[in-house]
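Order-wise, the sequence lines are chains A and B. So for the first sequence, this note's numbering puts the first residue at 29; every next one is plus one. So for the second sequence, this note's numbering puts the first residue at 585; every next one is plus one.
Hints in this document: simulated from the structure, not taken from any laboratory. Note that beta-carbon positions come from the ideal geometry of N, C-alpha and C, so glycine has one too. One or more of the hints may lead you astray.
30 angstroms max Cα-Cα, derived DSS-like pairs, lysine-lysine [as the list claims (entries may be wrong)]:
no.	chain 1	residue 1	chain 2	residue 2
1	B	Lys659	A	Lys144
2	B	Lys770	A	Lys246
3	A	Lys190	B	Lys659
With the Cβ distance kept under 8 angstroms, some of the chain A side facing chain B (calculated, not the full set) [claimed, not checked]:
no.	residue
4	Leu131
5	Thr132
6	Tyr133
7	Asp134
8	Glu135
9	Ser138
10	Leu141
Distance ranges between label pairs, derived from CB positions [stated by the list, open to error]:
no.	chain 1	residue 1	chain 2	residue 2	range
11	B	Asn644	A	Asp212	45 to 55 angstroms
12	B	Gly735	A	Ile128	30 to 40 angstroms
13	A	Gly157	B	Gln643	36 to 46 angstroms
14	A	Phe94	B	Leu655	30 to 40 angstroms
15	B	Asp771	A	Glu73	25 to 35 angstroms
16	A	Asp148	B	Tyr683	27 to 37 angstroms
17	B	Gln662	A	Gln262	31 to 41 angstroms
18	A	Ser46	B	Asp704	49 to 59 angstroms
19	A	Ala113	B	Asp663	32 to 42 angstroms
20	A	Ser86	B	Tyr683	54 to 64 angstroms
21	A	Lys247	B	Glu696	14 to 24 angstroms
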Amino acid sequence: MAFRPRGIGYDMAITVFSPDGSLYQVNYASEAVKRGATALGVKCEEGIVLAVDKRIPSKLVQPESFEKIFQVDTHIGTAASGMIADARQLVERARLEAQIHRLTYDEDISVALLCKKIGDLMQMHTQYGGLRPFGASLIIAGVNEEPELFVTDPSGGYLGWKASAIGSGRTSAQDVFEAEYRDDITMDESIVLALKALKPSVEALVKGNIEMALIKDKKFKKMSDDEVKKYIDQLRE
Amino acid sequence: MDVTKGTTTVALVGKDGVVLAADKRASMGYSVAHKNARKIFQVSKLAGATGAGSVGDIQNFVNLLRVESNLYGIKTNQDLTVRSLATLASRILFSQRYYPYYALFIIGGYDERPVAFSLDPLGGMNEDKFIASGSGMQVAYGLLEDQYKEGMAVKELEKLAARCINAATQRDLATGDGISMAVITKDGYRELTKKEIEEVL
Numbered sequence: 029m030a031f032r033p034r035g036i037g038y039d040m041a042i043t044v045f046s047p048d049g050s051l052y053q054v055n056y057a058s059e060a061v062k063r064g065a066t067a068l069g070v071k072c073e074e075g076i077v078l079a080v081d082k083r084i085p086s087k088l089v090q091p092e093s094f095e096k097i098f099q100v101d102t103h104i105g106t107a108a109s110g111m112i113a114d115a116r117q118l119v120e121r122a123r124l125e126a127q128i129h130r131l132t133y134d135e136d137i138s139v140a141l142l143c144k145k146i147g148d149l150m151q152m153h154t155q156y157g158g159l160r161p162f163g164a165s166l167i168i169a170g171v172n173e174e175p176e177l178f179v180t181d182p183s184g185g186y187l188g189w190k191a192s193a194i195g196s197g198r199t200s201a202q203d204v205f206e207a208e209y210r211d212d213i214t215m216d217e218s219i220v221l222a223l224k225a226l227k228p229s230v231e232a233l234v235k236g237n238i239e240m241a242l243i244k245d246k247k248f249k250k251m252s253d254d255e256v257k258k259y260i261d262q263l264r265e
Numbered sequence: 585m586d587v588t589k590g591t592t593t594v595a596l597v598g599k600d601g602v603v604l605a606a607d608k609r610a611s612m613g614y615s616v617a618h619k620n621a622r623k624i625f626q627v628s629k630l631a632g633a634t635g636a637g638s639v640g641d642i643q644n645f646v647n648l649l650r651v652e653s654n655l656y657g658i659k660t661n662q663d664l665t666v667r668s669l670a671t672l673a674s675r676i677l678f679s680q681r682y683y684p685y686y687a688l689f690i691i692g693g694y695d696e697r698p699v700a701f702s703l704d705p706l707g708g709m710n711e712d713k714f715i716a717s718g719s720g721m722q723v724a725y726g727l728l729e730d731q732y733k734e735g736m737a738v739k740e741l742e743k744l745a746a747r748c749i750n751a752a753t754q755r756d757l758a759t760g761d762g763i764s765m766a767v768i769t770k771d772g773y774r775e776l777t778k779k780e781i782e783e784v785l
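Let the sequences and hints guide you as you build the complete structure.
Given below as structure tokens:
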């Protein structure tokens, strides 16, 4: 690459650094996440609220035929953004790791440990030849002793958050969180806040377009469309 | 495969702790190979194990459990519970089904309450209030079935455990050469000194 302009050609292999120290394929994978539909999570004392924009491509699509929020174990759920097919592979691994932990130690896996395991897998896909990074980010949340919420990125890094969003609506959602999140927020308020943060990036805040799940009393449960609608109406008031 | 040969170990669960006790004889057929063998091991802060069977297998297995326990602590920032430790031990033993560890183990310790688990060479795991294993187990069980009561204090259990090993010493060829004992309470693992054991007797 001696006669090429600086920075050109370093995106051909994932395992080659550019002169300024970045791995272009990893950056491109992050770009895939930035263009994905918005997914977000809010942590409160009672548990976790997860919400995603389903971004239904056509009115002919059956909205209930696909999902972007996945149950990982009884006490852990995840919301995905970016390439959902990639995310599904991560979710499959997460489910497997949760069960392996249960079998090995006879206890619930901790959210932090599960997140680390998924982070390790994502990191591996930035360092080995023949692989490509995952074009997806996950919000991994759950309750062991305390509710915990982590966000992974395609480099394999992750951070713990009180409230966070990924995807195309990240900035606007994060603004809402920064203005309105409180440490003593209730779960009902968290659901409304999640919808409020989702609103700017969603085409229409209507039934069927939003997928939501709660982790309450250490139990993951998807919300029905009717339940979601109840809170959408509450937000409108 | 008769793995019950060579030792007597007991674990007794009480109100505030677990008592592990064993004899000190290591036998090889009809000879006494060692007269001061270690059969009780600390695995983690609040967990201990006893082993009866092949000395090499026991030592290596306990070392493996220590490593797993340390790694778990470092990776998750919390202590491996005794129940999880026993479950893990059972998984490892089962995974070696066709090349098994030639030993019987007892894992005892303190979770929210005192607990003890017996493990057989193929990974069979059972929680119990009192457990005896090794060649002198029948002798020990004879005493325990009559004398053990739930909710006994550690001080009483130390005495009962010592009597178990003593009885086995009298009536089992492969048991003898003294008693070693460890007590696990919520405050930690502690091995009794020679003098303390003499006082118990």
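For this session: Determine whether the Cβ-Cβ distance between B/Asp771 and A/Glu73 falls within the hinted range of 25 to 35 angstroms.
Result: Hint holds: Cβ distance 32 angstroms, inside 25 to 35 angstroms.
For this session: With respect to the beta-carbon atoms only, verify the hint that A/Ser46 and B/Asp704 lie 49 to 59 angstroms apart.
Result: holds, 58 angstroms
Exercise. Within 36 to 46 angstroms or not, the Cβ separation of A/Gly157 and B/Gln643?
Worked result: holds, 42 angstroms
For this session: Against chain B, run the beta carbon of A/Thr132 and see if the smallest gap drops under 8 angstroms.
Result: Since the shortest Cβ distance to chain B is 6 angstroms, the answer is holds.
Exercise. Does A/Ser138 meet its interface restraint, that is, does its C-beta lie within less than 8 angstroms of any C-beta in chain B?
Worked result: holds, 6 angstroms
Problem set entry | Proposed interface contact between A/Leu131 and chain B, which counts if any beta carbon pair is under 8 angstroms | Result: holds, 7 angstroms to nearest chain B Cβ.
Exercise. A/Lys190 and B/Lys659: Cα distance at most 30 angstroms?
Worked result: holds, 22 angstroms
Exercise. Quick one, is the A/Asp134 hint okay against chain B at 8 angstroms, beta carbons?
Worked result: holds, 4 angstroms
For this session: Kindly confirm whether 30 to 40 angstroms is satisfied by the beta carbon distance between B/Gly735 and A/Ile128.
Result: The hint (30 to 40 angstroms, Cβ to Cβ) holds, given that B/Gly735 and A/Ile128 are roughly 37 angstroms apart.
Problem set entry | Restraint status (C-alpha distance of B/Lys659 to A/Lys144 at most 30 angstroms) | Cα-Cα ~9 angstroms, so holds.
For this session: May I ask you to test the hint 54 to 64 angstroms on the CB atoms belonging to A/Ser86 and B/Tyr683?
Result: Holds, at about 58 angstroms.
Problem set entry | B/Lys770 paired with A/Lys246 [C-alpha distance capped at 30 angstroms] | holds, 27 angstroms
Going down the numbered hints, you'll see the structure goes against none, and every one checks out.
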